[in-house]
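A.B. asks: Spelled out, the chains give:
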Amino acid sequence: MTGTVSQISTSNLRAEGLSRAVPGKVIVSDVSLEVSAGEVLGIVGASGSGKSSLLRLLNRLDEPTAGTVYLDGTDCRQIPPRELRRRIGMVTQRPFLFPGDVALNLRFGPAQRGETMTDAEVSKLLEQVGLAGFAANEVSVLSGGEQQRVSLARSLANRPEVLLLDEPTSALDEQSKSEIERLVGTVAHDQGLACVLVTHDRDQARRLCHRVVLLDAGLAVKSGTTLEVLGA
Amino acid sequence: MLKSLFTSEISLGLAQAGIASLLALAVVFLARRRNIHLEKDASIALLRGIVQIVAVGSVLAMLLKAPRWSSVFLLTGMVLAAGSISAKRAKNIPGAAKVSTYSIAVGAGLVTAIMTWAGVIDTAITSLIPVGSMIIANAMNTNGLALNRFRSEVLAHTGEIETALALGATPQATIGRYAESSIHSSLIPAIDNLRSLGIVWIPGLMTGMLLSGAKPMYAAIYQFVVIAMILASSGLTSLLSTTMIQGHAFSPADQLLLKGTE
Chain A
-2 MTGTVSQIST SNLRAEGLSR AVPGKVIVSD VSLEVSAGEV LGIVGASGSG
48 KSSLLRLLNR LDEPTAGTVY LDGTDCRQIP PRELRRRIGM VTQRPFLFPG
98 DVALNLRFGP AQRGETMTDA EVSKLLEQVG LAGFAANEVS VLSGGEQQRV
148 SLARSLANRP EVLLLDEPTS ALDEQSKSEI ERLVGTVAHD QGLACVLVTH
198 DRDQARRLCH RVVLLDAGLA VKSGTTLEVL GA
Chain B
-12 MLKSLFTSEI SLGLAQAGIA SLLALAVVFL ARRRNIHLEK DASIALLRGI
38 VQIVAVGSVL AMLLKAPRWS SVFLLTGMVL AAGSISAKRA KNIPGAAKVS
88 TYSIAVGAGL VTAIMTWAGV IDTAITSLIP VGSMIIANAM NTNGLALNRF
138 RSEVLAHTGE IETALALGAT PQATIGRYAE SSIHSSLIPA IDNLRSLGIV
188 WIPGLMTGML LSGAKPMYAA IYQFVVIAMI LASSGLTSLL STTMIQGHAF
238 SPADQLLLKG TE
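So the sequences go chain by chain: A and B. Taking my numbering, the leading residue of the first sequence gets -2, the next gets one more, and so forth. Taking my numbering, the leading residue of the second sequence gets -12, the next gets one more, and so forth.
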């Protein structure tokens, strides 16, 4: 694999007037947002407010019915979907690890492009997420927190420029939650990743996010700095 | 007992059909007592079944005098109907009817054509239509099973599939194992039919041949030939439909279209 997993990114992501509707239902309505390298943008709202649906529009897992997303100024529709998803990584609430060992999971993304991660690169990435020595461990025996860290490392193995995080700690205990939060803060800061964090937990948004978009029924009802939107 | 009550073959046949239907309805009644409601589906299916098969019998009676090439039209009609029926097992998959019809046409058509060319199936309408319909019907069942299993597998593994897509995988890479599992499952009945042939069941065709005076050994071997043809056509149909439906499960932007509600 060329390059290193800790390459510094300077990319930014911008969405303009994003909407998604399915027959009889508007899920996301005219949402615009922007997130820069090294910044964590929070998407906050109650369950069913359209947070996860909005996130899925950013890496084109779903197609917006209106609006578009720009990655470094390029319309995402001009970027081949597989390349776009390599550049915009995603960590979901459930890690959905592939059966096998931890190394196999980390190597999955690069392997899709015909690249092979060396053992040293796997070890370095695992060290970064606090799982040094876990490469040969079967994913089925990992704890929830460990699985989520493998999921994060698996996304980072693709060397993304933007990282989408969909409620990554909502199924974890307090200790695991703190560890994941620390990791997200670290990768955003150290690797200059632009992160978009979906969370229903306002305290978590206060701890992690630089700016917040508050979503209600698919509409962005408020956006600004975390302090402006959520208060102290 | 019935034979002593009815003098004409048609009256006797209808009486026999009535008794068989009553038995089926008794099972429906038993199921209802366990809150399993099959009344509507079973009644419609029984009614459709008798009407359709009597209609086919009438058509066959007319076709006995028709030229041999006319069986092609009847078999084509069967393929179109089979494609439409089978596609209903693939709800929410765009293009399922087209995929089903094409797969059954190629799977059943190719095997029937080769075996007819080789002289295994006689070109007489009385031979080609019954054997061809058996091949088409089994291809239809296999296709329905394959698509139904594919749909269930994809719906049960949406998270895994979209995770792989989000990591930059191709749709084929994310869904391949579920397609393989669908092909395997859909062929279980055809393989089990071959395994159990002569031990658990003696199929209708062999019975019919024996009743019409064929030598038991030839009837037995010919029955094997038919079941093997069914496996070949079902396998080809399943392979084709599962391969083709994978393309319909994703958008051109590699987005999974086959999902639950949003």
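Don't read these hints as lab results, they were simulated from the structure. Be aware that one or more of the hints could be misleading.
[As the list claims (entries may be wrong)] Simulated crosslink set (BS3-like; lysine-lysine; CA at most 27 Å straight-line):
id	chain 1	residue 1	chain 2	residue 2
1	B	Lys78	A	Lys22
2	A	Lys22	B	Lys27
3	A	Lys22	B	Lys202
4	A	Lys174	A	Lys121
[To be verified] FRET-style restraints, in silico, Cβ to Cβ:
id	chain 1	residue 1	chain 2	residue 2	range
5	B	Ser199	A	Pro96	22 to 30 Å
6	B	Lys246	A	Gly70	48 to 56 Å
7	B	Gly64	A	Gly141	55 to 63 Å
[As the list claims (entries may be wrong)] Looking from chain B toward chain A, a few residues come up when the C-beta cut is under 7 Å (computed):
id	residue
8	Asp109
9	Ala111
10	Ile112
11	Glu140
12	Ala143
13	Gly146
14	Thr150
15	Pro158
16	Pro176
17	Asp179
All C-beta atoms in this analysis are idealised placements derived from N, C-alpha and C, irrespective of residue type, glycine included.
A.B. asks: Give a verdict on every hint.
C.D. replies: Verification of the hints:
Between the alpha carbons of B:Lys78 and A:Lys22 the distance comes to roughly 21 Å, so the proposed pair stays at or under 27 Å and holds. Annotation: proposed proximity of A:Lys22 to B:Lys27 is violated, straight-line Cα distance about 33 Å (limit 27 Å). Taken as a hint, the A:Lys22 and B:Lys202 pair is broken in the structure, with Cα atoms around 67 Å apart against an allowance of 27 Å. With a CA separation close to 22 Å, the supplied pair A:Lys174 and A:Lys121 stays within the 27 Å bound.
Between B:Ser199 and A:Pro96 the beta carbons are some 55 Å apart, a value that contradicts the proposed interval 22 to 30 Å. The supplied range of 48 to 56 Å is broken by B:Lys246 and A:Gly70, whose beta-carbon atoms lie about 31 Å from each other. Checked against the hint of 55 to 63 Å, the pair B:Gly64 and A:Gly141 passes, with Cβ atoms roughly 57 Å apart. Contact between B:Asp109 and chain A, as hinted, is not supported at the beta carbon level, the nearest pair being about 51 Å apart and thus beyond 7 Å.
For B:Ala111, the interface hint is violated, since its Cβ never comes within 7 Å of a Cβ in chain A; the closest pair sits about 52 Å apart. A distance limit of 7 Å between C-beta atoms decides the matter here; for B:Ile112 the minimum to chain A is near 48 Å, and the interface restraint is violated. About 15 Å separates the beta-carbon of B:Glu140 from the nearest beta-carbon of chain A, more than 7 Å, and the hint is not met. Residue-level restraint check for B:Ala143 is violated (minimum Cβ-Cβ distance to chain A is 12 Å; threshold 7 Å).
About 5 Å separates the beta-carbon of B:Gly146 from the nearest beta-carbon of chain A, less than 7 Å, and the hint is met. For B:Thr150, the shortest C-beta to C-beta distance to chain A is roughly 4 Å, which falls under 7 Å, so the interface hint holds. This hint is violated: B:Pro158 has a C-beta 10 Å from the nearest C-beta of chain A, more than the 7 Å allowed. For B:Pro176, the interface hint is violated, the least distance from its beta-carbon to any beta-carbon of chain A being 28 Å, above 7 Å.
Proximity of B:Asp179 to chain A is violated relative to the hint, the smallest CB-CB distance being about 28 Å (cut-off 7 Å).
The structure shown violates the earlier hints numbered 2, 3, 5, 6, 8, 9, 10, 11, 12, 15, 16 and 17.
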